[in-house]
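Given chain B's structure and the hints, the job is docking chain D onto it.
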Amino acid sequence: MNIFPTPFQTRRAFIGRVSQGVGGVALASLLEKGGASLFAAPALAGTRGVIHPLPLPQKVKRVIWLTMAGGPSQFETFDPKPKLAAMHGEAMPESFTRGQQLAQLQGQKLVCHGPQFPFAKFGENQTEISTLLPHIGSVVDDICLIRSMTTDAINHDPAHMFMNTGAQIAGRPSMGAWINYGLGSEAENLPGFVVMVTTGPGRSPQPIATRQWSSGFLPSKFQGVQLQSRGDAVHYLANPGRVSRAQQGADIGAINALNRQHDAFVADPEIATRIAQYELAFQMQASVPELTDLRGEDARTLALYGCTPGDGSFASNCLLARRLAERGVRFIQLYHRDWDHHSLLKEELPLRAKETDQASAALITDLKQRGMLDDTLVVWTGEFGRTPMSQGNKGPTGRDHHNKSMSMWLAGGGIRRGFVYGATDDLGYAATENICNVHDLHATMLHQLGIRHDAFSVKFQGLDAKLTGVEGASVIEGILA
Amino acid sequence: MTSWLSRIFSVARFVRSGNASPSARRPSPLSRVGRQGVAFLAIAVSSARAEDTFFAKRVTPILEQKCVVCHGAEKQKGKLRLDSFAHLMRGGEGGPAVTAGDPKGSELFVRVTLHPEDEDFMPADSKPPLTPDEVKVLELWIAAGASEVIALAAIKGAPALAAPKAAVLPLAPDWRARAPQIAQLEKALGIRLVPRSMVATDGLVLRTASSPGRCDDTTLAKLAPVADLIVEAELARTKITDAGLAVVGTFVNLRVLDLTRTAVTSTGLNDLLALKNLETLNLTATAVDDSGVAALRQMASIKQTWVFETKAGGADNPTAAAKK
Numbered sequence: 001m002n003i004f005p006t007p008f009q010t011r012r013a014f015i016g017r018v019s020q021g022v023g024g025v026a027l028a029s030l031l032e033k034g035g036a037s038l039f040a041a042p043a044l045a046g047t048r049g050v051i052h053p054l055p056l057p058q059k060v061k062r063v064i065w066l067t068m069a070g071g072p073s074q075f076e077t078f079d080p081k082p083k084l085a086a087m088h089g090e091a092m093p094e095s096f097t098r099g100q101q102l103a104q105l106q107g108q109k110l111v112c113h114g115p116q117f118p119f120a121k122f123g124e125n126q127t128e129i130s131t132l133l134p135h136i137g138s139v140v141d142d143i144c145l146i147r148s149m150t151t152d153a154i155n156h157d158p159a160h161m162f163m164n165t166g167a168q169i170a171g172r173p174s175m176g177a178w179i180n181y182g183l184g185s186e187a188e189n190l191p192g193f194v195v196m197v198t199t200g201p202g203r204s205p206q207p208i209a210t211r212q213w214s215s216g217f218l219p220s221k222f223q224g225v226q227l228q229s230r231g232d233a234v235h236y237l238a239n240p241g242r243v244s245r246a247q248q249g250a251d252i253g254a255i256n257a258l259n260r261q262h263d264a265f266v267a268d269p270e271i272a273t274r275i276a277q278y279e280l281a282f283q284m285q286a287s288v289p290e291l292t293d294l295r296g297e298d299a300r301t302l303a304l305y306g307c308t309p310g311d312g313s314f315a316s317n318c319l320l321a322r323r324l325a326e327r328g329v330r331f332i333q334l335y336h337r338d339w340d341h342h343s344l345l346k347e348e349l350p351l352r353a354k355e356t357d358q359a360s361a362a363l364i365t366d367l368k369q370r371g372m373l374d375d376t377l378v379v380w381t382g383e384f385g386r387t388p389m390s391q392g393n394k395g396p397t398g399r400d401h402h403n404k405s406m407s408m409w410l411a412g413g414g415i416r417r418g419f420v421y422g423a424t425d426d427l428g429y430a431a432t433e434n435i436c437n438v439h440d441l442h443a444t445m446l447h448q449l450g451i452r453h454d455a456f457s458v459k460f461q462g463l464d465a466k467l468t469g470v471e472g473a474s475v476i477e478g479i480l481a
Numbered sequence: 482m483t484s485w486l487s488r489i490f491s492v493a494r495f496v497r498s499g500n501a502s503p504s505a506r507r508p509s510p511l512s513r514v515g516r517q518g519v520a521f522l523a524i525a526v527s528s529a530r531a532e533d534t535f536f537a538k539r540v541t542p543i544l545e546q547k548c549v550v551c552h553g554a555e556k557q558k559g560k561l562r563l564d565s566f567a568h569l570m571r572g573g574e575g576g577p578a579v580t581a582g583d584p585k586g587s588e589l590f591v592r593v594t595l596h597p598e599d600e601d602f603m604p605a606d607s608k609p610p611l612t613p614d615e616v617k618v619l620e621l622w623i624a625a626g627a628s629e630v631i632a633l634a635a636i637k638g639a640p641a642l643a644a645p646k647a648a649v650l651p652l653a654p655d656w657r658a659r660a661p662q663i664a665q666l667e668k669a670l671g672i673r674l675v676p677r678s679m680v681a682t683d684g685l686v687l688r689t690a691s692s693p694g695r696c697d698d699t700t701l702a703k704l705a706p707v708a709d710l711i712v713e714a715e716l717a718r719t720k721i722t723d724a725g726l727a728v729v730g731t732f733v734n735l736r737v738l739d740l741t742r743t744a745v746t747s748t749g750l751n752d753l754l755a756l757k758n759l760e761t762l763n764l765t766a767t768a769v770d771d772s773g774v775a776a777l778r779q780m781a782s783i784k785q786t787w788v789f790e791t792k793a794g795g796a797d798n799p800t801a802a803a804k805k
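In order, the protein sequence lines correspond to chains B and D. For the first sequence, the numbering used here begins at 1 and goes up steadily by one. For the second sequence, the numbering used here begins at 482 and goes up steadily by one.
No lab work stands behind these hints, which were simulated from the structure alone. Even for Gly, the Cβ is constructed at its ideal location relative to N, Cα and C. All clues stand as given, with none of them false.
With a straight-line cut-off of 25 Å between C-alpha atoms, the simulated PhoX-like cross-links for lysine-lysine are: (1) B/Lys59 - D/Lys757; (2) B/Lys59 - D/Lys784; (3) B/Lys109 - B/Lys83.
So the derived label-pair ranges between C-beta atoms look like this: (4) B/Asn125 - D/Lys556: 38 to 44 Å; (5) D/Gln785 - B/Gly395: 48 to 54 Å; (6) D/Thr722 - B/Ala257: 34 to 40 Å; (7) D/Gly575 - B/Ala209: 48 to 54 Å; (8) B/Pro82 - D/Asp655: 57 to 63 Å.
Isolated chain B (complex conformation):
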């Protein structure tokens, strides 16, 4: 592997520094850590963010983001629609759909498709959610349900991109990268942004690309690091047979000494990133086995989540998310795939619900009983919602992608508990009350972290790039406690 920058990189870095672009800004914060030697104790504690002190009171220190990839149907989960049930099988009134963008139903006959499973009232506030989600029902008084979320995108990859980076086109930093860049990482032996992906046992779902957790134009040390759900959490984590930890450390120390020399000469931010990554990787050889060793968790905790250590399930990942949170990881994102029910909605969705319901609720319960829910933000969402119309051109009935209405929930520090925000029209086609969108969600998340979304920008290609975009976003005040 070529670890030395090419002349091209050098030139770019030079220009970046002279023009005081993002390169210059990032470099300053990277160099703060750059001087720390691998073995000189103590090393610097984590990394400082570019924002300090924080402009707003910090309500949460970390985010656990549960992505239900594929786009779960709100009609079988969180948005009861008796009128839609009553019109099941009838033509969808044209007043709703005329001139609207549709994904795979373009030009098809549009037919109302009622909720496929009963809803029931849960909790003190009698919130109505699907009977497929009894565990989430049991913690519904701790969560805030949003029924009026909307998004710009209508196909998977751009919709994930939009949800993760605030832009549909790849290349922007993912929110986990933004947050670690802004606030710094609390963990010095784990990445500040960790991603884990689980796949249901069934079909082969839509792919999830690593560009979803890219750091975009921010230094690459802020990108998400994926831990594997099965087998070794990180491939080739252990040293080869006869290499001791001391030897490995000495090698990395020597490489980094060379890199530092070169960095002092050319000052390319990517060298500082590389140095930090070598150090982090070395630390992770010790911290990851400790992280994933669940022997310290008692039987009640495992039963709460419903997992067996090493099973690679969403439940195990939820438990790991809590352990990552305890260890100072700033942004933890879990993907659970296979929610894309164009067909076989009735057959497949209950399986996904079963795979995620207990563990999602357990995460809330567990954080709460450990006193961590108050400073953690938990978000459960897909990348978009689904149509109230049936889709029949892909096999047994399902629902198509939809961006005018979707349901999601949040829980944790500073978020109203046991509260339902927003509503959709009678047939659930469009959000009509307290309409909010993904930019607003990002603005709200940043607000809870103590960051003003409209003032958190990075100069990039002549623009002040922001996670919340340029169209304007507002903190969703209505869901704040």
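Just chain D now, with coordinates in the frame of chain B:
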């Protein structure tokens, strides 16, 4: 070089400027007015004294605070004045601002419930929007007939008025005077001392999460020069023991203390009784039991203690969050 290392490096990235598509235009609430009629409530009008009316007590303050700068005696944007009941009822350029009994058919209500980015949204020019509670007050008032004289008590369900904000009290001395010492301690001890907020008298948070193994009783002892600045101490998973709690007991302005998974015991907790501001204490997965926790819970300042995975708080400690 092993390939797992390379997994966490991004070697080359091609960055394009993300040109997001313009945000989907939201449907105008006006188009929904027909579909979601609001039940008209007939209310017997009791003649209340002006100062006891719902209009005077609840509606007028909102309009005065958020609307009258542009809709009053000085400016009449949209030819609308909102500084008296009569003006309000007369309406503006577009006709009456309020239709009694029908909030969603009332221009005044519709304007304040649009998406804040909508060009018709009120208040205009990104002035502070109405709070959800204020919107609710307007809705209830219009639904109940938009009367000038209806009594305050006759409209049920209005959100309570927010208690006046207490003056911001300093939580700790201004840390800025000791900035060099703070920086020096951070460097020497490998801990973090982070300002809680932009307010310099909001104190510091002691952070150790990045490497809890580095923080022990001796580390704490060295924090004496900033002891009074620390308002939150995150000591979870550190190596501190009861001896360290004796030092924590000198953090006079401490409010939040996390001792999760440390070696502290009930004996050490006695030292915390000196902390007159302590509000939140996390003792999850420690060796404490009721003998130590009970006394702490008696402290006037304590709001929340967590004793999950401890011997405290009942036989098997089923629910962990013990609220006082």
